[in-house]
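Listed in order, the protein sequences are those of chains U and W.
To convert, take the position in the first sequence, counting from 1, and add 111; that gives this note's numbering.
To convert, take the position in the second sequence, counting from 1, and add 243; that gives this note's numbering.
Since the hints were derived computationally from the structure, they do not count as laboratory data.
Where a beta carbon is used, it is the ideal one built from N, C-alpha and C, also for glycine.
Heads up, a few of these hints could be off.
Calculated lysine-lysine pairs in the PhoX-like style (CA-CA distance at most 25 Å, straight line) [what the hints assert, rightly or not]: (1) U:Lys304 / U:Lys317; (2) U:Lys250 / W:Lys325; (3) W:Lys582 / U:Lys175; (4) U:Lys312 / W:Lys316.
A partial selection of chain W residues facing chain U, derived with a Cβ cut-off under 10 Å [claimed, not checked]: (5) Thr289; (6) Asn290; (7) Lys299; (8) Gln303; (9) Asn305; (10) Glu471; (11) Tyr475; (12) Gly496; (13) Thr524; (14) Arg527; (15) Val530; (16) Pro568; (17) Phe570; (18) Leu572.
What follows is a set of in silico ranges between Cβ atoms, one per label pair, in the way DEER data are often shown [unchecked claim]: (19) U:Pro691 / W:Asn420: 38 to 46 Å; (20) U:Lys295 / W:Lys340: 38 to 46 Å; (21) W:Ile268 / U:Glu348: 23 to 31 Å; (22) U:Pro691 / W:Asp486: 49 to 57 Å; (23) U:Leu433 / W:Glu514: 37 to 45 Å; (24) U:Glu336 / W:Ile259: 50 to 58 Å; (25) W:Ser431 / U:Pro691: 35 to 43 Å; (26) W:Val557 / U:Glu348: 37 to 45 Å.
Chain by chain, the residues run as shown.
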Amino acid sequence: MKLNSILATDCGSTTTKAILIQRIDGEFRLTHRGEAPTTVEAPFEDVTRGVLNAVMEIEELASKKILNGNKILSPQKDNEGVDIFISTSSAGGGLQMMVAGVVKSMSGESAERAALGAGSIVMDVMASNDGRLGHEKIKRIRDLRPDMILLSGGIDGGTISHVVELAEVLSAANPQPRLGQSYKLPVIYAGNKKARNQIKKALGDKVDLDIVDNIRPVLEQENLEPSRDKIHDLFMEHVMQQAPGYKKLMTWTDAPIMPTPGAVGFLIEMIAEKENISVVGVDIGGATTDIFSVFQKKFNRTVSANLGMSYSICNVLAEAGLDNVLKWVPFDIDRQELTNRIGNKMIRPTTVPQSLEELFIEQAIAREALRLSFKQHKEFAVGLKGVQKKRTISDAFDQSSSGESLVNMMDLDLLVGSGGVLSHAPRREQSAKMLIDSFMPEGITQLAVDSIFMMPQLGVLANIDKKDISDEARNAALEVFHKDCLIRLGTCITPIGKVKDNSIVLKASIIFPNGEKVLKEIKKNELIRIEAKFEPLDAELTPHKSMDIGAGKGETIKTKIFGGVVGLIFDGRERPITLPSNKEKRLSLLKGWSDALNEYPKKS
Amino acid sequence: MAHSYTPGLKVLKSSIIDKNRRLPIKGEVRKKVGDSVSPDDIVAKTNLPGNVQIIKVASQLNIGPADILEALKVSEGEQIKKGQLLAQTGGLFGLFKSEIFSPIDGTIESISDVTGQIIMREAPIPVEIDAYTSGIVRDIIPEEGVIIETKAAFIQGIFGIGGEARGILEIIVQDRNDEITPEMLNSSQKGKVIVGGGFIGLEAFKKAISLNISGIVIGGFNYYDLKEILGYNLGVAITGSEDINTSLIVTEGYGHIKMSRGTFSLLKENENNFCSINGATQIRAGVIRPEIVIPVKEDSLKSVKESKIGKGIVIGSLVRVIRAPFFGLMGKVTELPSKLQKMESETLVRVAKINVDDQDIIIPRSNLEMVETD
Numbered sequence: 112m113k114l115n116s117i118l119a120t121d122c123g124s125t126t127t128k129a130i131l132i133q134r135i136d137g138e139f140r141l142t143h144r145g146e147a148p149t150t151v152e153a154p155f156e157d158v159t160r161g162v163l164n165a166v167m168e169i170e171e172l173a174s175k176k177i178l179n180g181n182k183i184l185s186p187q188k189d190n191e192g193v194d195i196f197i198s199t200s201s202a203g204g205g206l207q208m209m210v211a212g213v214v215k216s217m218s219g220e221s222a223e224r225a226a227l228g229a230g231s232i233v234m235d236v237m238a239s240n241d242g243r244l245g246h247e248k249i250k251r252i253r254d255l256r257p258d259m260i261l262l263s264g265g266i267d268g269g270t271i272s273h274v275v276e277l278a279e280v281l282s283a284a285n286p287q288p289r290l291g292q293s294y295k296l297p298v299i300y301a302g303n304k305k306a307r308n309q310i311k312k313a314l315g316d317k318v319d320l321d322i323v324d325n326i327r328p329v330l331e332q333e334n335l336e337p338s339r340d341k342i343h344d345l346f347m348e349h350v351m352q353q354a355p356g357y358k359k360l361m362t363w364t365d366a367p368i369m370p371t372p373g374a375v376g377f378l379i380e381m382i383a384e385k386e387n388i389s390v391v392g393v394d395i396g397g398a399t400t401d402i403f404s405v406f407q408k409k410f411n412r413t414v415s416a417n418l419g420m421s422y423s424i425c426n427v428l429a430e431a432g433l434d435n436v437l438k439w440v441p442f443d444i445d446r447q448e449l450t451n452r453i454g455n456k457m458i459r460p461t462t463v464p465q466s467l468e469e470l471f472i473e474q475a476i477a478r479e480a481l482r483l484s485f486k487q488h489k490e491f492a493v494g495l496k497g498v499q500k501k502r503t504i505s506d507a508f509d510q511s512s513s514g515e516s517l518v519n520m521m522d523l524d525l526l527v528g529s530g531g532v533l534s535h536a537p538r539r540e541q542s543a544k545m546l547i548d549s550f551m552p553e554g555i556t557q558l559a560v561d562s563i564f565m566m567p568q569l570g571v572l573a574n575i576d577k578k579d580i581s582d583e584a585r586n587a588a589l590e591v592f593h594k595d596c597l598i599r600l601g602t603c604i605t606p607i608g609k610v611k612d613n614s615i616v617l618k619a620s621i622i623f624p625n626g627e628k629v630l631k632e633i634k635k636n637e638l639i640r641i642e643a644k645f646e647p648l649d650a651e652l653t654p655h656k657s658m659d660i661g662a663g664k665g666e667t668i669k670t671k672i673f674g675g676v677v678g679l680i681f682d683g684r685e686r687p688i689t690l691p692s693n694k695e696k697r698l699s700l701l702k703g704w705s706d707a708l709n710e711y712p713k714k715s
Numbered sequence: 244m245a246h247s248y249t250p251g252l253k254v255l256k257s258s259i260i261d262k263n264r265r266l267p268i269k270g271e272v273r274k275k276v277g278d279s280v281s282p283d284d285i286v287a288k289t290n291l292p293g294n295v296q297i298i299k300v301a302s303q304l305n306i307g308p309a310d311i312l313e314a315l316k317v318s319e320g321e322q323i324k325k326g327q328l329l330a331q332t333g334g335l336f337g338l339f340k341s342e343i344f345s346p347i348d349g350t351i352e353s354i355s356d357v358t359g360q361i362i363m364r365e366a367p368i369p370v371e372i373d374a375y376t377s378g379i380v381r382d383i384i385p386e387e388g389v390i391i392e393t394k395a396a397f398i399q400g401i402f403g404i405g406g407e408a409r410g411i412l413e414i415i416v417q418d419r420n421d422e423i424t425p426e427m428l429n430s431s432q433k434g435k436v437i438v439g440g441g442f443i444g445l446e447a448f449k450k451a452i453s454l455n456i457s458g459i460v461i462g463g464f465n466y467y468d469l470k471e472i473l474g475y476n477l478g479v480a481i482t483g484s485e486d487i488n489t490s491l492i493v494t495e496g497y498g499h500i501k502m503s504r505g506t507f508s509l510l511k512e513n514e515n516n517f518c519s520i521n522g523a524t525q526i527r528a529g530v531i532r533p534e535i536v537i538p539v540k541e542d543s544l545k546s547v548k549e550s551k552i553g554k555g556i557v558i559g560s561l562v563r564v565i566r567a568p569f570f571g572l573m574g575k576v577t578e579l580p581s582k583l584q585k586m587e588s589e590t591l592v593r594v595a596k597i598n599v600d601d602q603d604i605i606i607p608r609s610n611l612e613m614v615e616t617d
């Protein structure tokens, strides 16, 4: 089958977003988008209502008939209908899981990685060594009411008593699923093979037990795929069946509905692999912030469940501390007034900043939400713990140990931001600056934002496994990702090291395609922007002898770099970025950096 | 065009309200359709499974897990008493026996010869649900609870803390902008629901708690002060289970904000009437707002069934601005331009023109809230 049109929806907890991708002059392009409030909750209690509303908006904008009453016309005939329809979902709180492992930092962490990778929110990680007593664990399981539990523990052939003990605790808790009282809670066992019979016996018929290959068959190996696949299957079979209207929606789609973050993760993993690059992707939402990364070909995802820009905005304030938020606010504001304004955003989460001051505050909070989420991600995205490493003499001088973070900012090639505060910032310079201030990239890093957050839909499109269309669907996803989804902001160039104030940290020579040559010297603590389009530019970058731009201290790099809608940003600020405690000095520094990027309008 | 629903806070003079009174797990419903109920009547009850105790018999007796069956003096399903002998080793020549006694009254739920542990469950914990407000049982949710229908004045707040409470409504301010100060509170207000104007400070709210005032209804409160009351920073607006004597219902938001005219005058009309309040708030999908339910006695009042699906903002709608810099202003929508407009922040948004005290102002539509009145 030849694909000509693809309709994809993402049913979020508040908004259902639909996109229409069409083949135009031989290439796939995003042509239209529509959105409508999600209708999972009362009074509608039927997700398809919101889907139809969002599609109706597309019909109107595209002047194309897609629906026949309450049905999607498929395949496309004479410009009516679409060839395939796919969807992701995070409505109704998404997929909420609890995971368990024998050792928290080993099988517990592997189980958490599998669950997160599949797109779920991990409500708790239970482990034999987590310090909680049996009855405390039981109470916790009962209180949480997850959608699904992933139980792991023990290497194949190892001792079984610990993992069986976890199963007994689970059995005693007799956990009830979150949605509906009429079905048994799905539990996946992905632990020591030898314990399978005892696990079956311990859990009895209290839960719906599925057994997959061990997540950690030997200490040195993590085997996440079987668990991730099973989570996706169960998400469709059990959880989605209970959510209002999903039974109907599932009959409409040409591929299984994926949890939204699972689809985004799949896409990022695919891009990193195809282009052989290290990527960090972030989606900052109202309630949660998801971070995805691929370093050393290893994919990791974390969800900071309570760091977001509206529902959990006060949690950002609580976790970051008022001083850390206040330091980014570029005007003088009373502390009490600031907390009240942030509190009011929490209780009226759908409001938008009308005044510049309100925008300043929102973007200050965003910096801290992103910084904290990335901190959590770095702590989680680590190599396997508990692994014995063979060491040579030269390794003996290297202090690295198992469980070291995989995230190395100097190796990062592409940083992609999405979510309202980044994708819809009034100026792209603001998005670029928020990303730099919070992620603090090092060396040479390309920056981009997802224009309308269509990564979920593209992720599920790339994941279609129907034989006759899977290749074309994957190509369509990639084409749209590069041409319509990503807005290239430019490249951030940051030398790393310690030098005295006023030192020149970097000398840069940039040659544009038209032959024009630009020379710049960047001082410590200075931000400089050069306007440049998204095209390859020849760059020669020479850092101060005590600083590194990627090739070692004082080593020059000759490379191709790319501009974007913001351009090239030379960042002479030390890592981590620090601000003076003196208010006047802080405000003056913030203003200087902001002006360098033309970040905000001048107040009349 | 897709129809977008802009919910606002309800301020209804007389409405038919349905109250869902449901058990956390299945149990027994104690009322039938048509029964008339008062707030304290128990409408359903159940038993939550008792707490669990785990005893690691094998490790305590220093024997292998498989050997515990021999050492145990109890079997699965058996009722046990606190202090009862659970397990005992043979000892050495009948001496030096190791023993384990039950720490609770309960039942042996499971015995495992793989892990060497036994799981015991304490007696069930009874849970009862009351009617919360007076009314008639309109429907039964089999084994779970009832739906009570009541004719009442109904007011929603924006945010609250503390759970369900009830009492006589007393207004202690002259104006809807007035602050409740500590000296305005006294012991005669114990068990009552006190209504103020635009603000209550930390000191006054603490005094209300100490006086066992049932609830405070107020326009504004400082976010900063919540930590002092709760003992922790409130990160997300999901409340209702706080252990405080005095439930707080904030009608407008954080800061000193004049209570809306409609809310204040409706409360004033109902002064000295009995009301039920609930501070529980959930600002997520499936939003729950704090509420004040005041059953209406007069039959003469026209009552309408509470509308489940509100309409969007249209020209003529009464709206309230819910974000700075015009926070709290109320006006009528005079124009709804379809083109996006640039705000001072340069944000491009759909706007509404609203008329406030004969002056037109432009506000992003998402910063407006419908004022739903009847």
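For this structure, which hints from the list above don't hold up?
5, 6, 8, 9, 10, 18, 22, 25
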